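Since chain A is already given, all that's left is putting chains B, C and D on it; use the hints.
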Amino acid sequence: MNVSAPFSEAGTPHKKPEQALKGAISIRNVTKIYDPEGVNVMAVDNASMEIAGGEVCMIVGPSGCGKTTLLNAIAGFHSITSGEIRLDGELLCGPGKPKAKQGADRMVVFQHGALFPWKTLAENVAYGPIVQGALSKSLAMEKARHMLADAGLGDVGNKYPGEVSSGMARRAEIVRALINDPKVLLLDEPYRAMDALTKSIMHESLLETYDRTKVTIFFITHDLEEAIFLGDKVHIVTTRPCQLKKTVNVDIPRPRSYAVQSSEQFRVLMEEVNEAVHEEAIKAFEAGERELA
Amino acid sequence: MQQENSKGAAAASKDYAIGKSKVELRNVSKSYGEEWDEQTVIEDISFELTPGDLTVVVGPSGCGKSTLVNLIAGFERPDSGEILLDGKRVTGPGKDRMVVFQETALMPWQTTYENVVFGPKLRGDMRGKELKDEAERLLAKVGLYEFMHKYPLQLSGGMQRRAELARALINKPSILIMDEPFRGLDAMSRGLMQEFFLRLFEENHRTNLFVTSEIDEAIFLADRLVILSNRPAQVRKVIDIRLPRPRHYSMLNSQEAYDYKREAMSILHDEAMRSFSSTGVSSDFTENYTAQPNA
Amino acid sequence: MAQAASKSKNTRRTAPPKGFALFLYRLKKSFSTPTPYLTIAGVGLWIFVYWLLCEGLRVDRFDKIPGPVAVARDWFSPEPFQGISIFTEAYWNHIYVSCRRIAIAFAIATGVGVPLGLFMGWSKKIRDYIFPILETLRPIPILAWVPLAILMLPGFEAPVIFLATLASLFVTTLNTMLGVESIDEEYFRAAGCLGSSNWDIFKNVVVPGALPFIFTGLQISIGVAWFSLVAAEMVSGDHGLGYLIVDSYVNSVTIPMVIGMLTLGLIGWLTSILVRSLGNYLMQWHVRELALQGR
Amino acid sequence: MTDVAQSSSGAYALPRRRSKLEKLIQNVSFWRGVTAVIVFLCVWEVGSRMDEWLGEAWTVPFVGLIPPPTDVAVAWLEVLPKAGYWNSWYESFRRVLSGFLVAMALGIPFGLLLAVNKYFRDLFFPPFEILRPIPPLAWVPASLIFWPTNEMSIAFVTFLGAFFTIVINVLGGARSIDVRYLRAAQSMGASQWHLFSRIVLPATLPSIFTGAAVGMGITWEVVLAAEMISGGGTQGGGGLGFFIWNSYMGGSLTQIVVGMISIGIAGFLSSSAIRALGDWFMPWKRMF
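These protein sequence lines are chains A, B, C and D, in that order. All residue numbers for the first sequence refer to the UniProt record's numbering, where the first residue is 1 and numbers rise by one. All residue numbers for the second sequence refer to the UniProt record's numbering, where the first residue is 1 and numbers rise by one. All residue numbers for the third sequence refer to the UniProt record's numbering, where the first residue is 1 and numbers rise by one. All residue numbers for the fourth sequence refer to the UniProt record's numbering, where the first residue is 1 and numbers rise by one.
Think of the hints as simulated: they come from the structure by calculation, not from any bench. Here the structure is a predicted model, which is why all the values come from computation and not from measurement. Take these hints with a grain of salt, some might be off.
[What the hints assert, rightly or not] Partial selection, computed: residues in chain A whose CB lies under 10 Å from chain B:
hint: 1; residue: 139
hint: 2; residue: 142
hint: 3; residue: 146
hint: 4; residue: 149
hint: 5; residue: 165
hint: 6; residue: 189
hint: 7; residue: 210
hint: 8; residue: 225
hint: 9; residue: 226
hint: 10; residue: 259
hint: 11; residue: 265
[To be verified] Calculated lysine to aspartate or glutamate pairs in the EDC-like style (CA-CA distance at most 20 Å, straight line):
hint: 12; chain 1: B; residue 1: 261; chain 2: A; residue 2: 286
hint: 13; chain 1: B; residue 1: 141; chain 2: A; residue 2: 271
hint: 14; chain 1: C; residue 1: 28; chain 2: B; residue 2: 38
hint: 15; chain 1: A; residue 1: 101; chain 2: C; residue 2: 200
hint: 16; chain 1: A; residue 1: 119; chain 2: C; residue 2: 157
hint: 17; chain 1: A; residue 1: 137; chain 2: C; residue 2: 200
hint: 18; chain 1: A; residue 1: 283; chain 2: B; residue 2: 186
hint: 19; chain 1: B; residue 1: 150; chain 2: D; residue 2: 279
Heads up, the beta-carbon is just placed ideally off N, CA and C, and yes, glycines get one too.
Bound conformation, chain A alone (with noise of 0.2 Å):
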C-alpha cells in the first residue's frame, strides 16, 4: 500500500509558512463493507492517505468506485468496518467508534446540490450558524448578505435555489459552507452536471476562494483537468473496492489561471494521470459489462 506524503510536505513552496494550517486529515486503512441485501459489496478496501492542512486534496477514480464511501465516513455520514480517521490528530472514527459524528468543522457540497429548495440562498447561507446558535438570525442574515455579495451573489439573495442558475447555486452552496469557518471542505463531484464552460469559471471561482481562506479542501472527481488545475496532489484510486493507486504531486504554482492548463508542464501532468486512469476506466466499464450479463 502506498502511504504517501507525511507531515513534514504540508509546507509546499508556495503557501505561506507563518500559519500552521487547521485541517490535516489522516487516513489509515479504512476499509468500508456495505451489506445490501444480503451481498456483501467491498466499497473500499484498506485506504490510507494522509491529507496536510490547507492542502488541496483531489481523489480521482472511475464512478461508482468507493471514493464517496470514503468521503461519507470522512462527513460521519457512514460507518467504516475498520481502520481509523483523524482530523488534526483527533479520532474521528476508528475502532470502538464505527461512524464519525457529524459537525460544521467538516462542511459538505453535494453532487446534486443541497441548498434547500424552500430557503432562499440568503437563508440557507444564514441557517448553519442560525442553527449552531453561533449568531442571532438578524446577525447570521447580514453576514450571509455580506459573502455572497463577496461571492457575486449580492442581487440574488432573495431568490429561490431553483430560480438561479446551477453555477449560481453551486457558488451559494460552497458559501454556505464557508460561513461556518470550517477546517474541512468536502466537495463530492460538485461541477459533474456542468458543461465545460460553466464548469472552467466554477474552478477560477473556487480557487480564488481557496486562496483567500486556504481551508483543506477534499474534492471527488472523475475529471482529470479539474483534478490538475485544482489540486496540490492528485490520488487516483482504483476501481470497486477502492485502493490508493497513485499520487501525483502538482506544482504549479498558484495563484492559477486558467491559461495554466495550455501550458507544458500541465501537459505532461496529464499524460501522466490519464496512462493511470484509463486502465482503471476500462477494467469498470468491463466490470460494469459483466455485472448487466
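Chains B, C and D only, in chain A's frame:
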C-alpha cells in the same frame, strides 16, 4: 429504400446512399416567447455541413444548440432563412436525418432489438430475415449482441447511447445528428464512448453534425469546429481541425490539440462568462423551455 | 432579469403589461385561437342536447329528469315550484350544514394525519408499527363503515363526520408519509453537517420538504371527504346536500335533486381550489420553480 | 464478515444470496408489523370485553360497542359454508366488474382522443370538467329515476365513478409523453397512426393502470353504497353491501364486521389483480 432515394439529386445518389449528403444553413433565425419578451435564440446563422465530414458545433449551455438541431432535423421551422439538404429545402422530419438525442430517447417499452428495428419495420422497407440480420449485425457492431433482448432501462448509460446509435444507423441516414449525446455520462465512460464513436465514424465517414459544450470532446472528434456565441446564437468562428485520423485519445495531449484548444477556449470563455453573469434566470431553464415547446 | 436580457442588442422587447392589462392581453390573444369558441360551443352543445332530450323532444325516460330550463327557472326564482332556490333559507341551510361537517372532518383529518404522516416518514420505527395497521384497515371501503358508525356513535352529526374524517385521514397520512420519504437524503445530510439538532431538522427539512406531497394529499383528501360525506348524509343524515338529494328523491321532487347535485359539484370544486391556493401561498419556492420550468 | 476476509486480494467475495423467506424472517420491520397488528387485535378484544369481565361500569366508549375479534371470527366461520354469503360475493363482483369494464372500454378511448386531438379536447373537456366534481353517489337517486331497473342504475353509477378517474389519468398520462419519443419516431418516418399505436399507447399504459387501480377503489365504494341505498335485496340483487345492510337492520354487529372484512378482502383482491395485470402488460416496468 431505392424509391425513396431516387427522390434525391440524381447525380449525388451514389454518395447519398452511403451517407454523404450536404446540408446548408442560410441566414437561419428563430425566436420564442411573448411579444414583449421575445427571445431570439438563433440569429442569422449560416454554415454548412460538408459531405463526409464530422462537423462539431460548440457553444455555452443554453445558447440555442438544441434549437439548431431541431431546425435541421425538421422538428421546428425557422422564422426566417432556409435549410437545404442536398439542395432541397427541409420542411419536416425525415429518415434521411437521424437524431441521437440528449440523454436517451430509446423507447422504454421496447427491448433493445425492438427499438433498433423500429424504423425499418414501420416503413416496411426491410423485413424478415434481412432485417433481423442487419439489426443483429449492427447490434454486434456496437457490442450489444448479448443484450438485445433487454429493456433499455436495464442497460448502463453508455450501452444506451450505443443502442441509440445502432437504431439511427439501421435507417441508413444521409446525415447523422447528435445532440450532446454523451451528456450525463461520467467523464470516463464518456471518453470511452468518444473513442467508440470515432471508430464508427472513421469506418465510412458519414456526414455528421455533433453538438456539444465540451471543448475537449469537440476537438477530439471534429473535422470542423463551429463555435457559437452566447444567446442569441451566432457563428463566432469556424476552425478546421487537422489532427490526423484515425485518432487516439493521446492525441489530445499533443501541442497541436492544445493550440486548437487555446484558440477555441479564448472565444468560448468570454461567451460563457457573458452568459453566466448576465442571466438571472438559470440557463438550464431556457434549455428546458426550448426543448419542449409543445409540451 | 429584464435589464440583463435587454443588454443583448437583438432582443426585441417592450414593457411587459402587468395585472389587468396582462389579463386583457391574454384574453385577446386567446380569442384569436379556436379554443374559447370551441369551449363555449362544447358547453352550449351539451346543454342543448340535455334540453333537447328532456324538454325539447321529451324522449321517453329522459322526460322524468328535469331539463335545464326547469332547473334554472326554479333555482333562481324567489318562489320556486319545488321548494328550493337561492332565495330559500332551506337551501342555504343545507349548504351550511354540509360545509360545516366538511370543515370539521377535514380539520380533524389534517390535524391528526399530517403529524402522524410526518412522524411515520421521519422515524422508521414509528412507521414499522403504524403502517401495517393502516394498511389492514385501508382496503375496507369507507361506506362499509356506515352501519358500524351509526351504531357506534350517537346522534346524526357524529357518524357523518366520522366517516368523512376516516376517508380523508387515510389519504392525508399516507401522502404525508410519502412526502417525507421523497425528501432527498442529501438535505438531511446537509442539515446534519450544518450542526442541526433533530428538532431543527424536523422544522427546517422534514416539514417544508414534505409540503408539496402534503398538499397533493390534501387536495385528494378533500375530494374523498365530499364523496363520503354525501354517502353518509344519504344513508343516515339529517340536513346537508346529500340529504337534500335523497329527500327530494323520496318525496318525488326532481328539481331540488338536480340543484343539489350541481351545488355539490360547484362547492366541491371551490373547496379544492381553496386548498390548492393555500398550498401555493405556503410554497412560493415550489410555485416559482415550476413556473420557471414552464409548467 | 468472515467470508469477506480473503477478498483483500482484490477479487469479489460472493456470499450466497438469502432466499425471500429467509429475508422476511430476518427483517425487523416485518416483525414490528406483526407485533403491531397483534397488539391492535388484543386492544380491540380487551376493549370490547371490558364490560363483560368487569361489569357495565367499565364499558369502554365506542370500542365497547364493537364485537370482539374472537366473536367476529366465530361468526365468520358460521357464514363461510353458507351459499348466500358466497352469492353476495358473486353479486358484488359482478356489479363491480361490469361497471368497471364499461368505464375502461369507454374511458380509455375517450381520454386518448382528448389527449391527441386539440379540437376534440377544447370541445368536450369543459362539459366533462363541469360534471366531474359531482360525487358519484349524488347521481344515485337521479339514475334510480332514469333507469327502468335498480340493477341498471347501480351499473350506471358504478360506471360513472370509474369513468371520470380513468379519463383524467389517461389524459394526464398521454399529455406528458416525452417529445423526444415522438420526434425520434417521426424522423424514422412514422405516420400519425404509428405515432399513436407505437408511442402514445404504450407510453400511456402506466397511467391507464394507475387510473384503473384508483377507479377500482371508487367502483367498490359506489357498488357498496348503491347496494345499501337501493336496498339491493328487493329485486333479488343481494351483494356484500346488502349483506352489511341486512345485518344492520337485523342488529347483528358481528355480522356487520364480518361483512366489512369480507369487502376489505374483496377490494384488496381486485387491486392486486390490477397490479398483476399491469406487471404482465408492462414487462419493462417490472425490471425496476
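- Item | Straight-line alpha-carbon gap residue 101 (chain A) to residue 200 (chain C), limit 20 Å | holds, 17 Å
- Task: Starting from residue 283 (chain A), check that the Cα of residue 186 (chain B) is at most 20 Å away, please.
- Result: Within the cut-off at roughly 15 Å; holds.
- Task: Would you check whether residue 265 (chain A) satisfies its interface hint, that is, whether its CB is within less than 10 Å of any CB in chain B?
- Result: violated, 12 Å
- Message: So if I understand the rule, the pair passes when the alpha-carbon distance is 20 Å or less; does residue 137 (chain A) with residue 200 (chain C) pass?
- Response: Within the cut-off at roughly 14 Å; holds.
- Message: Tell me if the interface restraint on residue 225 (chain A) is satisfied: Cβ within less than 10 Å of some Cβ in chain B.
- Response: holds, 8 Å
- Given the proposed pairing of residue 150 (chain B) with residue 279 (chain D), does the C-alpha separation stay at or below 20 Å? holds, 16 Å
- Item | Interface hint for residue 189 (chain A), Cβ within 10 Å of any Cβ on chain B | With a closest approach of 8 Å, the residue 189 (chain A) hint holds.
- Hey, does the residue 165 (chain A) contact hint survive, CB to chain B under 10 Å? At about 4 Å, which falls below the 10 Å cut-off, the nearest Cβ of chain B leaves the hint on residue 165 (chain A) intact, so it holds.
- Query: Close enough to count: is the Cβ of residue 139 (chain A) nearer than 10 Å to one in chain B?
  - Reply: violated, 28 Å
- Going straight from one Cα to the other, do residue 141 (chain B) and residue 271 (chain A) come out at no more than 20 Å? violated, 30 Å
- Message: Let's test the interface hint: is any C-beta of chain B closer than 10 Å to that of residue 142 (chain A)?
- Response: violated, 23 Å
- Item | Evaluation of the interface hint that places residue 210 (chain A) against chain B, nearest CB under 10 Å | Not OK, violated: residue 210 (chain A) not within 10 Å of chain B, min 20 Å.
Hint compliance for this structure: hints 1, 2, 3, 4, 7, 11, 12, 13, 16 are broken, all remaining hints hold.
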